[in-house]
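Chemist: Those protein sequence lines, which keep their order, are chains V and S.
Note that my numbering has the first sequence beginning at 1, numbered continuously upward.
Note that my numbering has the second sequence beginning at 1, numbered continuously upward.
In case anyone wonders, no lab produced these hints; they're calculated from the structure.
Just so you know, not all the hints are guaranteed correct.
Pairs of lysine-lysine, DSS-like flavour, derived with a Cα cap of 30 Å [claimed, not checked]:
{"no.": "1", "chain 1": "V", "residue 1": "Lys-230", "chain 2": "S", "residue 2": "Lys-281"}
{"no.": "2", "chain 1": "S", "residue 1": "Lys-274", "chain 2": "S", "residue 2": "Lys-40"}
{"no.": "3", "chain 1": "S", "residue 1": "Lys-252", "chain 2": "V", "residue 2": "Lys-228"}
{"no.": "4", "chain 1": "S", "residue 1": "Lys-274", "chain 2": "V", "residue 2": "Lys-230"}
{"no.": "5", "chain 1": "V", "residue 1": "Lys-228", "chain 2": "S", "residue 2": "Lys-40"}
{"no.": "6", "chain 1": "S", "residue 1": "Lys-199", "chain 2": "V", "residue 2": "Lys-279"}
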Amino acid sequence: MSGHSTYEPKWAAARWMDQRLPIVRMGADFMTMPTPRNLNYWWTFGGILMLCLIVQIASGVILGMHYVAHVDYAFDSVQRIRRDVPYGWLMQSTHAVGASMFFLAVYMHIFRALYYGSYKAPREVLWILGCLIYLVMMATAFLGYTLPWGQMSFWGATVITGFFGAVPVVGESLQQWLLGGYAVDNATLNRFYSLHYLLPFVIAALSGLHIWALHVTGSNNPIGVSDKVKTDTLPFHPYFTVKDMLAVTVFLMIFAFFLFYLPDALGHADNLIKADPLKTPPHIVPEWYFLPFYAILRAVPDKLAGILLMVGAIAVLFVLPWLDTSRVRSMRFRPIARWFFFIFIFMCFILGWCGAETPDDNAFLGLSFYRLSQIATIYYFGYFLVILPILGLVENPEERPASITQSILDHGDKPKPEAVQAPAE
Amino acid sequence: MALKTVRNLMIAGGVAVASLTGIAIASGGSVADGYEMVHKHWHWSGVTGTYDQEAMQRGYNVYAQVCRSCHNLDHLAFRHLGDKGGPFYDERYENPNDNPLVKNIAAEYEVIDVNPEDGSEISRPGIPADMFPPVYRNTAEAAYVNNGAIPPDLSVMVKARNNGADYVYNLMLAYDHPQPDSVVTSSGQYYNPVMEGGKIAMGPQLQPQVGVFEYQSETEGQNPPEATVEQMAADVVEFLAWSADPKLAERKSAGMMSMVYLLILALLLWLSYKRIWARLKPKT
Numbered sequence: 001m002s003g004h005s006t007y008e009p010k011w012a013a014a015r016w017m018d019q020r021l022p023i024v025r026m027g028a029d030f031m032t033m034p035t036p037r038n039l040n041y042w043w044t045f046g047g048i049l050m051l052c053l054i055v056q057i058a059s060g061v062i063l064g065m066h067y068v069a070h071v072d073y074a075f076d077s078v079q080r081i082r083r084d085v086p087y088g089w090l091m092q093s094t095h096a097v098g099a100s101m102f103f104l105a106v107y108m109h110i111f112r113a114l115y116y117g118s119y120k121a122p123r124e125v126l127w128i129l130g131c132l133i134y135l136v137m138m139a140t141a142f143l144g145y146t147l148p149w150g151q152m153s154f155w156g157a158t159v160i161t162g163f164f165g166a167v168p169v170v171g172e173s174l175q176q177w178l179l180g181g182y183a184v185d186n187a188t189l190n191r192f193y194s195l196h197y198l199l200p201f202v203i204a205a206l207s208g209l210h211i212w213a214l215h216v217t218g219s220n221n222p223i224g225v226s227d228k229v230k231t232d233t234l235p236f237h238p239y240f241t242v243k244d245m246l247a248v249t250v251f252l253m254i255f256a257f258f259l260f261y262l263p264d265a266l267g268h269a270d271n272l273i274k275a276d277p278l279k280t281p282p283h284i285v286p287e288w289y290f291l292p293f294y295a296i297l298r299a300v301p302d303k304l305a306g307i308l309l310m311v312g313a314i315a316v317l318f319v320l321p322w323l324d325t326s327r328v329r330s331m332r333f334r335p336i337a338r339w340f341f342f343i344f345i346f347m348c349f350i351l352g353w354c355g356a357e358t359p360d361d362n363a364f365l366g367l368s369f370y371r372l373s374q375i376a377t378i379y380y381f382g383y384f385l386v387i388l389p390i391l392g393l394v395e396n397p398e399e400r401p402a403s404i405t406q407s408i409l410d411h412g413d414k415p416k417p418e419a420v421q422a423p424a425e
Numbered sequence: 001m002a003l004k005t006v007r008n009l010m011i012a013g014g015v016a017v018a019s020l021t022g023i024a025i026a027s028g029g030s031v032a033d034g035y036e037m038v039h040k041h042w043h044w045s046g047v048t049g050t051y052d053q054e055a056m057q058r059g060y061n062v063y064a065q066v067c068r069s070c071h072n073l074d075h076l077a078f079r080h081l082g083d084k085g086g087p088f089y090d091e092r093y094e095n096p097n098d099n100p101l102v103k104n105i106a107a108e109y110e111v112i113d114v115n116p117e118d119g120s121e122i123s124r125p126g127i128p129a130d131m132f133p134p135v136y137r138n139t140a141e142a143a144y145v146n147n148g149a150i151p152p153d154l155s156v157m158v159k160a161r162n163n164g165a166d167y168v169y170n171l172m173l174a175y176d177h178p179q180p181d182s183v184v185t186s187s188g189q190y191y192n193p194v195m196e197g198g199k200i201a202m203g204p205q206l207q208p209q210v211g212v213f214e215y216q217s218e219t220e221g222q223n224p225p226e227a228t229v230e231q232m233a234a235d236v237v238e239f240l241a242w243s244a245d246p247k248l249a250e251r252k253s254a255g256m257m258s259m260v261y262l263l264i265l266a267l268l269l270w271l272s273y274k275r276i277w278a279r280l281k282p283k284t
């Protein structure tokens with residue numbers, strides 16, 4: 001909880017500043033923020049995501065100095081960055097692998113919120129801001145993937161902008177307005193580059209609001225019981241700064257593994273073929289982080305219905321705080337919901353698998369990927385629209401500890417409450 | 001508790017790497033018609049593997065004498081050949097523009113330029129700073145000469161196909177695989193099971209009676225292997241793999257340093273974490 005500020009300016013200059021713009025106070029309050037002491041490693045992805053955003057913006061700004069947004073030169077300029085620009089190979093790989101890492105972390109962060117009920121009151125606005133960040137991230141990633149101007153860039157952009165053409169009445173003019181012409185071409189590439197440069201700063205601004213909202217409500221925690229007594233929390237620094245830094249470093253090792261040893265493994269080989277408007281690649285597939293949504297899109301034969309489903313798959317997240325009727329936040333104490341949650345995660349992977357394959361192919365036992373994606377899509381929406389609303393009313397949650405301190409006492413390996421007063425820093 | 005933390009971190013990391021690698025590998029291509037892809041062990045595979053310089057040099061010879069008649073290396077300049085990690089790198093010439101082997105190679109190509117005095121078009125021998133000049137003046141000429149099919153650029157080919165090294169290697173060797181009735185090739189087309197759809201406009205290139213030549217030795221005291229079809233295919237793949245990913249050696253060595261650095265940092269942070277959180281333990 002934000003609590004009241006304990007910052008005391010030590011010098012006259014600091015006092016002077018504090019009365020005019022209390023920015024030092026804000027930083028100090030961030031560092032002393034009382035944080036639930038029982039946070040586990042799933043709570044480290046917030047810090048990891050902040051790093052991801054910084055890495056993407058820093059590497060992106062440098063790439064922007066060498067990239068040429070023109071249909072005749074874009075592909076060649078990326079090759080030039082990889083071959084001739086000093087450490088360009090590192091910047092380009094960091095940015096490309098970094099996008100995948102960003103999504104990996106954001107999915108962990110979202111699944112954490114879903115499991116521990118972090119979207120429930122009083123954190124609805126915090127959650128909605130997170131959903132907005134995710135939405136803008138998807139737009140940014142899609143726009144960025146167009147820029148190298150490979151075959152997947154071009155045809156991915158053609159397919160995605162084609163969705164807008166399916167909108168009734170205004171669809172065709174809307175699509176032309178987006179593309180700046182009748183097809184994906186130089187005008188499209190230029191505006192995509194412009195927007196790709198703009199949106200990360202929108203993400204940064206939204207992240208600022210997201211963190212602000214977090215500091216108003218305080219962090220949720222694995223037992224979902226709000227902190228009540230002083231022994232429930234610890235100051236953010238040094239307890240959680242050191243824990244976050246450890247997690248960030250482990251995350252960076254995974255990042256570095258891909259960056260240095262499999263830099264192109266998360267992308268498509270087809271995107272190293274220069275875009276050719278006259279030659280459609282045999283399989284147009286999005287990047288891995290969009291595959292579940294791609295599978296939902298293709299789960300129905302009608303184009304417009306598919307698009308509505310795909311948009312709905314994101315939209316449903318925004319209203320989730322009001323769909324889940326259970327007053328128990330953490331799934332640790334929801335014996336039935338927990339299993340539906342694990343099936344939900346499994347179905348997300350199934351959708352990802354379906355998105356990567358050809359719909360008519362056989363998945364297993366004569367079941368086509370098309371049918372499989374329909375089953376998983378029904379579960380995806382069923383989880384949010386049927387299971388969570390009903391389960392909250394009928395499920396008998398397990399008994400929850402009275403407080404965080406109590407939950408620590410219940411586990412013998414944790415410190416005693418009289419000793420858990422954090423030493424002042 | 002400490003062990004549990006480490007175990008959880010390792011599991012999380014393992015799952016992340018495994019799932020992402022799984023996605024990456026699952027997207028690899030497959031080959032039809034009963035052709036068994038030969039998966040060669042490449043010199044550059046593995047955590048520390050780098051390109052075999054002699055193989056790259058022989059591979060360049062194969063490119064220059066066989067592939068070059070139709071395929072360009074769009075993204076390569078001659079000077080790249082003498083870069084560190086490149087086929088003709090010589091430590092005596094840190095600046096590849098001074099490397100005599102590179103100069104000689106460049107001079108073998110004719111480059112279209114503009115006469116600075118009167119603006120007329122001239123043709124001059126290449127210098128290391130030049131890009132490999134295009135084989136055809138434009139795509140229309142390329143298509144006209146090659147029965148409508150435009151020979152693709154080879155400089156990123158190994159990266160532009162799934163398992164690109166195995167793909168190119170097998171493509172060179174798979175021409176004699178029996179053609180099934182389901183694949184009908186028209187005139188000017190050849191059957192090749194490695195190609196998507198089985199049809200390819202390029203005829204077999206590395207045949208003993210067509211493309212055979214003796215490997216020249218660029219370095220003294222070197223004993224070049226016999227130029228069999230397999231040997232030539234493997235060598236040209238070595239060269240093209242370098243051409244598609246010339247920073248591989250630099251990247252891997254930076255990777256090793258980064259991993260060691262991060263490992264030590266993680267260890268120190270873990271110890272700091274233990275120490276800071278130990279303040280909360282009751283004093284006995």
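Chemist: Now look at each hint and say whether the structure bears it out.
Modeler: To see whether the hints hold, each was checked on the structure:
| no. | hint | in the structure |
| --- | --- | --- |
| 1 | V:Lys-230 <-> S:Lys-281 | holds, 16 Å |
| 2 | S:Lys-274 <-> S:Lys-40 | violated, 47 Å |
| 3 | S:Lys-252 <-> V:Lys-228 | violated, 51 Å |
| 4 | S:Lys-274 <-> V:Lys-230 | holds, 22 Å |
| 5 | V:Lys-228 <-> S:Lys-40 | violated, 63 Å |
| 6 | S:Lys-199 <-> V:Lys-279 | holds, 16 Å |
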